[in-house]
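Enquirer: Residue 56 in numbering that gives the first Met the number 0 sits at position 57 of the sequence shown, with consecutive numbering throughout.
Watch out, some of these pointers could steer you wrong.
Computed beta-carbon distance windows for the label pairs [said to hold, decoys possible]: (1) H65 x P38: 17 to 25 Å; (2) M82 x Y52: 17 to 25 Å; (3) I64 x T16: 28 to 36 Å; (4) P76 x D5: 16 to 24 Å; (5) L94 x D4: 15 to 23 Å; (6) K86 x L18: 14 to 22 Å; (7) A20 x R69: 35 to 43 Å; (8) I64 x P19: 27 to 35 Å; (9) Y56 x L94: 20 to 28 Å; (10) A20 x I80: 27 to 35 Å; (11) Q53 x M82: 18 to 26 Å.
By construction, these hints were calculated from the structure, which means they are not laboratory data.
Backbone N, C-alpha and C fix where the C-beta goes; we use that ideal spot for every residue, glycine too.
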Amino acid sequence: MNNLDDVFGDVDDFCQTFLPACKKHLISSGIKQSNNPSPLSVSKMMTIVIAFYQSGYRDFKTYFIHFIFRYLTNEFPKLVIYMRMLKLTQGVLVLL
Numbered sequence: 000m001n002n003l004d005d006v007f008g009d010v011d012d013f014c015q016t017f018l019p020a021c022k023k024h025l026i027s028s029g030i031k032q033s034n035n036p037s038p039l040s041v042s043k044m045m046t047i048v049i050a051f052y053q054s055g056y057r058d059f060k061t062y063f064i065h066f067i068f069r070y071l072t073n074e075f076p077k078l079v080i081y082m083r084m085l086k087l088t089q090g091v092l093v094l095l
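Starting from the given sequences, assemble the full structure and let the hints guide the process.
Expert: Structure representation (structure tokens):
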């Protein structure tokens, strides 16, 4: 899983820099933000999506249920169910 660690490191570095600036912009613009916090960090959600595109799986549902849930629960201990993940990833797609 070294590749996953590398992806997460890069994504987390990006989020550490970008998210505070983005949040500040949204506050100053008066744009409403979601108050429904996720148990998964933005970095982890983005890592799952990026890893999906690198995986060779053809659809996200199969990848998430048959790979992430089976083999990567230690790497993502606060994993949510598939339907919740779909809802959460809508918020990170813009960042990607």
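Enquirer: Run every hint past the structure and note whether it holds.
Expert: For each hint, the structure was consulted:
no., hint, result
1, H65 x P38: 17 to 25 Å, "holds, 21 Å"
2, M82 x Y52: 17 to 25 Å, "holds, 21 Å"
3, I64 x T16: 28 to 36 Å, "holds, 32 Å"
4, P76 x D5: 16 to 24 Å, "holds, 20 Å"
5, L94 x D4: 15 to 23 Å, "holds, 20 Å"
6, K86 x L18: 14 to 22 Å, "holds, 19 Å"
7, A20 x R69: 35 to 43 Å, "holds, 37 Å"
8, I64 x P19: 27 to 35 Å, "holds, 33 Å"
9, Y56 x L94: 20 to 28 Å, "holds, 21 Å"
10, A20 x I80: 27 to 35 Å, "holds, 31 Å"
11, Q53 x M82: 18 to 26 Å, "holds, 23 Å"
Figure legend: structure checked against the earlier numbered hints; every hint is met.
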